[in-house]
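Peer 1: Residue strings, one per chain:
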Amino acid sequence: AQSVTQLDSHVSVSEGTPVLLRCNYSSSYSPSLFWYVQHPNKGLQLLLKYTSAATLVKGINGFEAEFKKSETSFHLTKPSAHMSDAAEYFCVVSAWMDSSYKLIFGSGTRLLVRP
Amino acid sequence: DTGVSQDPRHKITKRGQNVTFRCDPISEHNRLYWYRQTLGQGPEFLTYFQNEAQLEKSRLLSDRFSAERPKGSFSTLEIQRTEQGDSAMYLCASSLVGSSTDTQYFGPGTRLTVL
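Line order of the protein sequences matches chains A and B.
Mapping to our numbering: the first sequence position 10 is 10, numbers consecutive.
Mapping to our numbering: the second sequence position 10 is 10, numbers consecutive.
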């Protein structure tokens, strides 16, 4: 069965410092993986997606993630945090189940950015 | 492309009342999904449509819940005899079948509070 585990429920960084949000996945085949961001009172926005092409995936707003099969990880990084990055981040695996792709969400990581 | 829209954005109701939410997907998208997100959790799949056909319903979708997509465009989600446990954010997403990953794009959600 496919699943994702987000290793930190909260991450706090100072503005201008690097961001690392950790995600491990479980999948019986090569998965499609996503990171979505959710700002307060707003919908989920797709940050980036991995679909078995390049293992380093670049997304919007300076975020990127690296797919590491040996570690079953898909961590999200950004070199320098901005105040506007404060939000909830979800790691997601797409699982083919019952003739359609299902999105399986992690429990989320809340990113706090200190001035 | 105006994105996925949902109406209303917020709904407060008393226990036992019926409520209906609407979702308008991205115009060329033929798949439409409903999710429920409770506080501190990632979204959970409820049901999805391909065109006007409802192809799958989660075990989370009790008999009090019904969803329709009569013309294969907008969709409605109705909850009858609401309970306090129904309080959650209800998210709609749409996608285009045929893409390798079936990437889903989310609306802003409808936040339901049952008193």
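Since the hints were made in silico from the structure, they are not lab data.
Virtual Cβ for every residue (Gly too), placed ideally from N, Cα, C.
Treat the hints with caution; some may be incorrect.
As the list claims (entries may be wrong) - Computed list of lysine-lysine pairs in BS3-like fashion (alpha-carbon distance at most 25 Å, straight line):
#1 B:Lys14 <-> A:Lys102
#2 B:Lys57 <-> A:Lys102
#3 A:Lys49 <-> A:Lys102
#4 A:Lys49 <-> A:Lys68
#5 A:Lys102 <-> B:Lys71
#6 A:Lys69 <-> A:Lys42
Unchecked claim - Pairwise CB distance ranges (calculated):
#7 A:Glu71 <-> B:Gln84: 35 to 43 Å
#8 B:Arg111 <-> A:Asp8: 20 to 28 Å
#9 B:Ser66 <-> A:Pro115: 46 to 54 Å
#10 B:Gln41 <-> A:Leu46: 37 to 45 Å
Peer 1: Please go over all the hints and tell whether each is borne out by the structure.
Peer 2: How the hints compare with the structure:
1. B:Lys14 <-> A:Lys102: violated (32 Å)
2. B:Lys57 <-> A:Lys102: Holds, at about 12 Å.
3. A:Lys49 <-> A:Lys102: Holds. Lys49 (chain A) to Lys102 (chain A) sits at ~15 Å (cutoff 25 Å).
4. A:Lys49 <-> A:Lys68: holds (14 Å)
5. A:Lys102 <-> B:Lys71: At roughly 23 Å apart (the allowed maximum being 25 Å), Lys71 (chain B) and Lys102 (chain A) satisfy the hint.
6. A:Lys69 <-> A:Lys42: Distance of about 32 Å is beyond 25 Å: violated.
7. A:Glu71 <-> B:Gln84: 35 to 43 Å: holds (42 Å)
8. B:Arg111 <-> A:Asp8: 20 to 28 Å: holds (26 Å)
9. B:Ser66 <-> A:Pro115: 46 to 54 Å: holds (47 Å)
10. B:Gln41 <-> A:Leu46: 37 to 45 Å: violated (19 Å)
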